[in-house]
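Peer 1: Here's the letter readout for the chains.
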Amino acid sequence: MATDTQPPAPPTPPAPPARHGVLSAGRAAIAARHLRTDRWWLQPLLTALGLSAFVVYSTWRAFANAYYYAEPYVSPFYSPCLGSNCVDMPLGARWPLFGEWWGLSPALLVLIFPLGFRLTCYYYRKAYYRGFWASPPACAVAEPHEKYTGETRFPLILQNIHRYFFYFAIPVALILTYDVVLAFRDEQGAWGHMGLGTLVLLVNIALIWAYTASCHSCRHIVGGRLRHFSKHPVRYRMWTWVGKLNSRHMLLAWLSLVSVALADLYVYLVASGAFDDPRFF
Amino acid sequence: MAQVERHAYDVVVVGAGGAGLRAAIEAREQGMRTAVICKSLFGKAHTVMAEGGIAASMANVNPHDNWQVHFRDTMRGGKFLNQWRMAELHAREAPDRVWELETWGALFDRTKDGRISQRNFGGHEYPRLAHVGDRTGLELIRTLQQKIVSLQQEDHREHGDYEARLKVFQECTVTRVLKEDEGGGTEESAGRGRGGKVSGVFGYVRESGRFFVIEAPAVVLATGGIGKSFKVTSNSWEYTGDGHALALLAGAPLINMEFVQFHPTGMVWPPSVKGILVTESVRGDGGVLRNSEGKRFMFDYVPDVFKEKYAQSEDEGDRWYEDPDNNRRPPELLPRDEVARAINSEVKAGRGSPHGGVFLDVSTRLSAEVIRRKLPSMHHQFKELADVDITAEAMEVGPTCHYVMGGVDVDPDTAAATGVPGLFAAGEVAGGMHGSNRLGGNSLSDLLVFGRRAGLHAAEYTAGLGGARPAVVEWQVDAAAAEALRPFSAEAETVPDGVPENPYTLHQELQQTMNDLVGIIRRQGEMEEALTRLDALRVRARRAGVEGHRQFNPGWHLAIDLRNMLLVSECVARAALERTESRGGHTRDDHPAMDRRWRKLNLVCELSDPADAFGEVSVGRREMDPIRPDLLALFEKDELLKYLTDEELDR
Amino acid sequence: MSTYTAHFRVWRGDADGGGLRDYRVEVHDGEVVLDIIHRLQATQAGDLAVRWNCKAGKCGSCSAEVNGRPRLMCMTRMSVFGRDETITVTPMRTFPVVRDLVTDVSFNYDKAREVPSFVPPEGVAPGEYRMLQEDVERSQEFRKCIECFLCQDTCHVVRDHEENKKAFAGPRFLMRVAELDMHPLDAAEEQGLDRKRSAQDEHGLGYCNITKCCTEVCPEHIKITDNALIPLKERAVDRKYDPLVWLGDKIRRRT
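Chains as they are written, first to last, in UniProt numbering: chain V, 1 to 281; chain G, 1 to 651; chain F, 1 to 255.
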């Protein structure tokens with residue numbers, strides 16, 4: 001999902017002019033751009049493949065504008081549904097705030113928020129800077145670019161607004177939680193039922209909350225910005241707790257990415273009639 | 001005339017460990033233009049290896065602690081051979097020196113009420129060691145380093161130059177302290193003899209091999225110890241006794257050189273880390289020592305004087321950890337010298353571990369979780385360096401050379417070296433403070449207290465000279481340059497077989513000799529043998545030759561350092577041979593008892609032939625000043641009787 | 001005890017040039033790369049230049065690159081390599097080389113000087129400092145740093161872009177800024193020094209793209225990126241990009 005701000009990396013970057021980076025004058029004269037003997041390229045390759053797969057899938061589903069609602073399940077890609085062109089979702093998060101003029105898929109109105117949240121996330125930044133932009137491809141492996149300004153200039157200086165996306169991620173997660181509650185109904189809207197879809201959405205929302213709470217901005221806001229923890233015992237405890245989640249931020253980022261895609265896929269399969277949702281009770 | 005860079009400063013500090021940096025800070029704050037010279041990079045000094053803490057009676061944990069108690073502990077630890085005035089100053093000033101570190105940014109571990117936490121340590125009556133986990137030395141060195149940077153920032157604001165008043169010359173080695181010409185004018189009489197004032201230092205830049213002279217009326221030696229003369233040591237390569245040798249060559253005497261502390265538990269395997277310390281707390285927390293037969297041998301080594309104080313059975317020893325009030329402590333916790341001797345005997349009797357140590361085991365007594373919590377760095381150290389999981393297996397340990405109590409004879413108040421105006425010494429290179437045995441934690445406080453004093457008095461000395469500064473004498477510079485270059489021309493010299501000696505081989509032989517013959521247990525015959533071998537090594541060291549050029553050439557550096565190591569080794573051997581008793585860090589197999597008549601005697605080493613760098617060392621006896629009555633009054637008479645002669649007590 | 005002969009390639013040379021030279025050298029059980037380098041010195045290459053000190057991972061002197069990865073030589077056990085593997089040892093490739101494995105690390109000492117030191121609080125005498133353990137713990141983690149400069153070496157901002165050295169302090173010294181900003185008693189702000197802002201304006205925090213190589217190579221296992229650099233970025237955001245925080249501070253100051 002990072003590709004829209006990051007130009008796709010050429011598979012084999014052109015060799016930079018000599019006397020640059022590790023080849024600069026004065027440094028140990030070694031012609032090789034790196035001397036690593038391990039499979040350093042595996043990690044960025046897997047990252048790039050994983051992210052690309054998600055981008056392809058989510059682009060298709062976001063523009064599809066179909067098969068995103070199967071009573072009582074709504075796909076996380078389409079919730080809340082803010083266009084007037086949404087399918088009828090009894091009790092669901094369907095608020096046609098945008099009126100008639102919006103003709104494209106209603107998913108696009110909502111996906112911008114999780115997209116922005118993940119795009120500016122400290123983990124995903126690392127992942128796509130390494131995987132797509134090869135900056136650097138791996139530690140102590142020379143990067144192909146001649147110039148580097150990092151996040152000091154437009155557009156990458158915008159990464160600093162991660163915090164706002166975190167603020168927005170909370171209502172989005174709340175609405176998805178609301179969707180999960182609604183999923184404890186049957187097709188007729190009667191409460192107290194549960195199917196495989198409910199479980200899928202439940203796992204998904206749990207992972208989304210864990211990912212959101214483990215965010216570095218969250219860690220900073222709940223307590224990290226304090227100088228004296230001792231004067232704020234509650235926030236200190238929250239900071240400690242978020243810190244524990246934060247150390248698994250990468251894992252949660254991937255799990256929640258997979259789960260959200262699977263949740264959408266599940267709704268798609270049920271809605272398109274390809275699969276019949278098994279009811280537990 | 002030799003090609004040398006010239007600089008001029010008010011005070012030069014040789015060594016950038018705790019003592020050196022503290023001295024430099026003080027001299028600079030007194031308004032002196034100060035230079036610090038160190039062999040390694042700035043901030044890498046051996047002080048970083050100190051783990052336990054800084055002893056200072058701040059009474060943060062136990063309110064009964066005060067400087068008098070600290071003084072008493074220090075004197076007991078040193079078996080009353082300490083320079084008592086130094087021990088007094090040390091105990092009085094240590095708290096201020098620790099608190100001052102906080103104002104420079106140090107972050108010690110805290111008590112519940114936010115003060116500096118203090119921990120228990122061997123020989124200290126109360127919890128007294130300010131610490132940061134087990135990396136206190138790193139905190140100390142980093143804090144001093146950052147204080148120096150902050151002074152440089154001040155200078156930068158004022159003069160536009162960071163190094164206007166305080167400069168660190170990293171990776172430089174000093175090979176000679178220079179002295180004024182006293183009018184005699186000959187090489188034999190002047191410069192290296194007694195009396196003349198210090199005029200500067202001569203050294204080389206390790207990186208380029210270029211020579212330099214720093215003209216300065218005051219030189220502070222803060223070069224640390226001598227451990228690299230021994231094969232198994234916890235000391236780094238820098239510890240080649242440079243300051244000891246520089247002082248000796250400049251005409252200043254060394255005292256107490258027979259007292260070398262061997263820590264009982266150093267790693268013995270793998271070879272790369274042989275000698276690296278295994279902290280005392282492993283035994284304090286329940287580690288037991290076993291030989292290859294699986295026997296807890298320490299029970300066989302409890303000396304009579306300690307019989308009532310230590311457990312007689314394994315059961316009782318085991319109970320002590322839980323209930324120290326009703327049981328006696330296990331003999332693993334005997335003083336360092338006793339444990340080191342016991343391990344030594346077991347290994348010699350063929351009951352050692354595969355790599356020549358004994359087994360230290362915590363895994364059978366503590367759960368894996370407790371071990372990881374209480375001994376994190378030891379767990380990490382063995383896991384990463386030896387691939388040994390101490391939660392499941394025993395460690396192999398053996399004695400390792402750790403610290404030299406002896407050093408430059410100094411005035412206790414000013415840290416000025418005896419007999420050489422302008423020369424000062426602080427830290428491990430200075431002698432007297434710790435007597436015959438140093439307590440854990442007292443070295444870091446020693447560095448701070450006497451580092452500051454040395455810097456202060458060096459500054460005062462320089463200021464007192466006014467404009468009349470001793471001049472550097474050219475022939476000394478030329479002689480020093482020729483001496484330093486000798487390894488490159490070794491082949492050309494007329495030597496019996498025409499082949500230059502490999503400095504690495506010479507160093508190994510020296511270490512083996514000291515380890516085997518002047519090590520932890522000493523005998524007259526062995527030490528005489530050692531002196532014979534040192535003699536031969538000295539002759540061969542003149543022929544030490546190196547290849548390559550002067551730019552960062554480690555072989556050359558070692559060849560130069562050999563002079564210093566041979567000199568201090570000879571001091572250790574001669575003094576040890578002379579002292580016919582056992583006391584603290586000096587154990588004589590042929591004189592196993594402590595003798596009260598030896599208590600007040602210092603052995604003083606001096607260069608016997610000032611004209612020759614490889615000349616022999618002579619040892620003389622000197623009586624110490626009687627301990628001040630108010631300090632003596634801090635002890636019970638019964639206790640004093642063990643140390644002082646009847647006539648000393650009657651006075 | 002088993003012994004074998006290993007194939008080493010060690011970079012020999014100086015600023016004017018040099019190359020990898022092959023050595024066959026004996027290896028014993030339990031040794032680390034630094035031991036082998038020392039054996040080379042003592043037996044085959046007496047003038048092989050290398051920095052080292054404590055041999056226990058506590059001083060940070062023997063930094064180099066082993067098989068292309070920045071490492072402390074004293075903490076790299078030979079047993080992690082196959083017996084027939086060629087082991088390549090080079091100096092750190094981010095700093096100018098002096099000779100053989102020794103590099104000129106003065107970049108780091110220059111950067112250290114650019115970070116304003118701890119500012120003691122006014123009116124608090126020595127001995128009266130009161131700080132609670134939970135308040136000093138974050139900075140204490142950063143003070144575990146042994147200044148091996150491996151993080152500075154691996155950081156692509158300066159490794160791959162010599163021209164960035166001027167503007168970028170590197171992970172080690174951005175961490176130092178974080179350490180001081182989190183110090184419970186640092187009085188820089190009272191003296192008009194805003195460490196959060198200067199991290200970005202003076203020390204080049206924006207160059208960091210949090211790709212975490214500094215954390216990967218840290219022999220002290222300090223979480224440089226997660227605990228120092230990202231929190232510092234967030235603190236800079238507080239100052240420069242978050243009007244909510246700005247407004248909140250403003251209101252709180254009024255009341």
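Please keep in mind that the hints were generated in silico from the structure rather than gathered at the bench. Just so we're clear, the structure is a prediction, and the values are computed from it rather than from any experiment. Incorrect hints may have been included.
Said to hold, decoys possible - Facing chain F, from chain V, some residues (calculated, C-beta under 10 Å):
| # | residue |
| --- | --- |
| 1 | Y123 |
| 2 | Y167 |
| 3 | H228 |
Cβ coordinates follow ideal geometry from the N, Cα and C atoms, glycine included.
Peer 1: Work down the list of hints and note, for each, if the structure agrees.
Peer 2: Structure-based check of all given hints:
| no. | hint | verdict |
| --- | --- | --- |
| 1 | Y123 | 9 Å, holds |
| 2 | Y167 | 8 Å, holds |
| 3 | H228 | 5 Å, holds |
Every hint from the earlier list agrees with this structure, and none is contradicted.
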